[in-house]
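Visitor: Using our numbering, read the sequence shown as starting at 339 and increasing by one per residue.
Be a bit skeptical, because a hint or two may be false.
Derived lysine to aspartate or glutamate pairs resembling DMTMM-like cross-links, with alpha carbons at most 20 Å apart [what the hints assert, rightly or not]:
#  : residue 1 : residue 2
1  : Lys-410   : Glu-344
2  : Lys-359   : Asp-418
3  : Lys-359   : Asp-375
4  : Lys-405   : Glu-383
5  : Lys-410   : Asp-363
6  : Lys-405   : Glu-357
7  : Lys-343   : Glu-383
8  : Lys-355   : Glu-387
9  : Lys-359   : Glu-344
10 : Lys-410   : Glu-373
11 : Lys-355   : Glu-344
12 : Lys-410   : Glu-387
13 : Lys-405   : Glu-389
14 : Lys-359   : Glu-387
15 : Lys-410   : Asp-375
16 : Lys-405   : Glu-368
17 : Lys-348   : Asp-367
18 : Lys-410   : Glu-360
19 : Lys-355   : Glu-373
20 : Lys-405   : Glu-387
21 : Lys-405   : Asp-356
22 : Lys-348   : Glu-368
23 : Lys-343   : Glu-357
24 : Lys-343   : Glu-368
25 : Lys-405   : Asp-363
No wet-lab data here; the hints were simulated from the structure.
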Amino acid sequence: MNSYKERTYKNAVLQIKDERKELLDRCLDELYPYERDLIRGLCAEGVSEREYARHTGLTRYQVRCEKERILKQIASVFTDYFAPEKQPGPLPSTFSQNGFTQDPPFNKPIDTLSAKPKI
339 MNSYKERTYK
349 NAVLQIKDER
359 KELLDRCLDE
369 LYPYERDLIR
379 GLCAEGVSER
389 EYARHTGLTR
399 YQVRCEKERI
409 LKQIASVFTD
419 YFAPEKQPGP
429 LPSTFSQNGF
439 TQDPPFNKPI
449 DTLSAKPKI
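Modelling step: build the complete structure from the supplied sequences, incorporating the hints.
Guide: Right, dumping it as structure tokens:
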């Protein structure tokens with residue numbers, strides 16, 4: 339297995355494009371400038387949340403919440419883009435091609451008079 343340095347050199351020489359990197363660049367380009375600065379500062383440049391909060395005047399909690407929100411947003415894009423398309427599976431046992439074979443539990447009437455209260 340090649341080291342990271344060898345792979346990046348080889349990719350640069352052969353001009354191999356990494357689809358994940360291009361998608362990440364597009365995601366970062368679509369963010370607001372303050373979100374982009376936050377992610378690049380915390381993730382790429384290695385600035386701590388405390389230092390970033392001190393520099394921007396935000397609380398550490400606000401910085402952490404914003405970072406998590408933005409990273410979840412980016413992760414959802416990656417998940418949607420790279421996830422295999424779901425194939426329809428077999429129908430559950432309560433269903434058939436013509437309709438229900440038995441009453442599903444969510445359609446059963448509830449007898450409220452005989453129900454016992456939980457103590």
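Visitor: Now tell me, hint by hint, if it's right for this structure.
Guide: So, going through the hints one by one against the coordinates:
1. Straight-line distance between C-alpha atoms of Lys-410 and Glu-344 comes to about 31 Å, which puts the hinted pair past the 20 Å bound.
2. With a C-alpha separation of about 16 Å, the suggested pairing of Lys-359 with Asp-418 holds against the 20 Å cut-off.
3. Our distance criterion of 20 Å between C-alpha atoms is met by Lys-359 and Asp-375, whose separation comes to about 18 Å.
4. Annotation: proposed proximity of Lys-405 to Glu-383 holds, straight-line Cα distance about 14 Å (limit 20 Å).
5. Note on Lys-410 and Asp-363: the hinted pairing holds, with a Cα-Cα distance of about 16 Å set against a maximum of 20 Å.
6. About 23 Å separates the Cα atoms of Lys-405 and Glu-357, which puts this hinted pair outside 20 Å; it is violated.
7. For a cut-off of 20 Å, the pair hint linking Lys-343 to Glu-383 stands: about 19 Å separates their Cα positions.
8. A threshold of 20 Å between alpha carbons decides the hint, and for Lys-355 with Glu-387 the separation of about 32 Å lies outside it, so the pair is violated.
9. A hinted pair counts as satisfied when its Cα atoms are at most 20 Å apart, and Lys-359 with Glu-344 qualifies at roughly 17 Å.
10. For a cut-off of 20 Å, the pair hint linking Lys-410 to Glu-373 stands: about 13 Å separates their Cα positions.
11. Distance check on the hinted pair: Lys-355 and Glu-344 sit about 15 Å apart at the alpha-carbon level, within 20 Å; holds.
12. Proximity of Lys-410 to Glu-387 is assessed by CA-CA distance (about 17 Å); at most 20 Å being required, the pair is judged to hold.
13. Between Lys-405 and Glu-389 the CA atoms are separated by roughly 14 Å; this keeps the pair inside 20 Å, and the hint holds.
14. Between the alpha carbons of Lys-359 and Glu-387 the distance comes to roughly 24 Å, so the proposed pair goes past 20 Å and is violated.
15. About 16 Å separates the Cα atoms of Lys-410 and Asp-375, which keeps this hinted pair within 20 Å; it holds.
16. Distance check on the hinted pair: Lys-405 and Glu-368 sit about 15 Å apart at the alpha-carbon level, within 20 Å; holds.
17. Only pairs whose Cα atoms come within 20 Å are accepted, and Lys-348 paired with Asp-367 is rejected, the gap being roughly 26 Å.
18. Among the hinted pairs, Lys-410 with Glu-360 is consistent with the structure: their alpha-carbon atoms are about 18 Å apart, no more than 20 Å.
19. For the given pair, Lys-355 sits about 26 Å from Glu-373 by alpha-carbon distance, which is inconsistent with the 20 Å threshold.
20. A threshold of 20 Å between alpha carbons decides the hint, and for Lys-405 with Glu-387 the separation of about 9 Å falls inside it, so the pair holds.
21. The hinted pair formed by Lys-405 and Asp-356 fails the criterion: a straight-line CA distance of about 24 Å is larger than 20 Å.
22. Of the supplied pair hints, the one linking Lys-348 and Glu-368 is violated, its CA atoms being roughly 29 Å apart against a limit of 20 Å.
23. A distance of roughly 18 Å separates the Cα atoms of Lys-343 and Glu-357; the hinted pair therefore holds under the 20 Å criterion.
24. Pair hint Lys-343 plus Glu-368 does not hold up; C-alpha atoms about 29 Å apart against a cutoff of 20 Å.
25. Taking the CA atoms of Lys-405 and Asp-363, the gap is near 17 Å; set against the 20 Å cutoff, the hint holds.
Of the numbered hints given earlier, the model fails hints 1, 6, 8, 14, 17, 19, 21, 22 and 24; all others are met.
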